[in-house]
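Q: Using the sequences provided together with the hints, build the complete structure.
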Amino acid sequence: MPSLTVASVLAPLALFHLSALACELVPDVNFTFFGFPDNHPPGAGIAFDCGRGHIAGGLGTFEDPVTFASAVNEFNSCEVIYAPSLHKYLRFEDVCEQCTIDWANGVRHIDIWTGNNSFDGGDIQIACENNLTTTGQFIVRGPPASLPLDTTPLFDSNSLACAANHTFLNEEVSSICPATVAAAPAAAVAATPANSPAPSFPAIRPAAIPSSAPAAPAVSVPSAVAVPAAVVAAAAQLASPAAVSGTPVSSPSPAVRKRGLRKFGHSVRSVNATSLLMGIINSTVIDDGDGDSYE
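Residues -22 to -1, 1 to 273 (mature numbering (1 follows the signal peptide of the UniProt record, and there is no 0)) make up the sequence shown, in order.
Keep in mind that the hints were calculated from the coordinates and are not lab data. Don't take each hint at face value.
DEER-style ranges, computed between Cβ atoms [what the hints assert, rightly or not]:
(1) F146 to N108: 16 to 22 Å
(2) I33 to A139: 32 to 38 Å
(3) N108 to N148: 17 to 23 Å
(4) D101 to P122: 35 to 41 Å
(5) V159 to L138: 35 to 41 Å
(6) D98 to P156: 39 to 45 Å
(7) D98 to E2: 34 to 40 Å
(8) P156 to S96: 22 to 28 Å
(9) L37 to N143: 14 to 20 Å
(10) P19 to E149: 34 to 40 Å
(11) D101 to C1: 37 to 43 Å
(12) P5 to L138: 21 to 27 Å
By construction, the Cβ of each residue, glycine as well, lies at the ideal position given by its N, Cα and C atoms.
A: Below, the structure written as structure tokens:
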């Protein structure tokens, strides 16, 4: 009898979970991109093992989706989605801190892997990621397995070519999941006047979380999870006004570099207690947002 591994168990479970999701179109999603040179630390490390170890990758097919990162509470670990503007299937395999902050402020945001898992494309690859970055895109949750495919690498590690001309920004999506467009995030609804069109990306992202913002919801952590002391200490600071208002607090070593910030002109700051607490998930892996996980 062959031995069981985590990868051999998780891969079919991920496909089973996908089949249980109803097809749903989610609009107004911002796409940023990351890869070997701007992961933290540089490399291909990710939070979840969805069948290929804690290593980013993927061709973009239904069977081999490209890694994407986002807010931990917005997708199920190893969930497969589809990006019509890329003609690629994506799988939720990592946690993105800036995505977590944006979702909390009513802005949908995912961060998509580029390149391969053993090559640092440096500034050329980062420039490619910036060229690929877009706002207001659709994603499909619970997608059928037969949607159009383009398996061209987003960044080709051999030729250093960028797939910016392999995008489908005007793709017709209404027939993929008829009459199943997701509602806007709560924060976005609150910021939109009645009977007005959906606001643009800058209009619905406040500069900072107001001090009157409700506390982060309690997160259930299994008793088997060993929570690092640095995480416990940071979580304790949630009660302070400084933590709620977004003032940086001490972060675990190594320092966090917030993925995706340069695309929209943010400044780099250390992780705050709210976003760090969001990393405590029902798993033995805790990730601060850029591929360096704590176990």
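Q: Could you run down the list of hints and mark each one as holding or not?
A: Right, here's what the structure says about each hint:
| no. | hint | result |
| --- | --- | --- |
| 1 | F146 to N108: 16 to 22 Å | holds, 19 Å |
| 2 | I33 to A139: 32 to 38 Å | violated, 23 Å |
| 3 | N108 to N148: 17 to 23 Å | holds, 21 Å |
| 4 | D101 to P122: 35 to 41 Å | holds, 38 Å |
| 5 | V159 to L138: 35 to 41 Å | holds, 38 Å |
| 6 | D98 to P156: 39 to 45 Å | holds, 43 Å |
| 7 | D98 to E2: 34 to 40 Å | holds, 36 Å |
| 8 | P156 to S96: 22 to 28 Å | violated, 42 Å |
| 9 | L37 to N143: 14 to 20 Å | holds, 18 Å |
| 10 | P19 to E149: 34 to 40 Å | holds, 35 Å |
| 11 | D101 to C1: 37 to 43 Å | holds, 39 Å |
| 12 | P5 to L138: 21 to 27 Å | violated, 33 Å |
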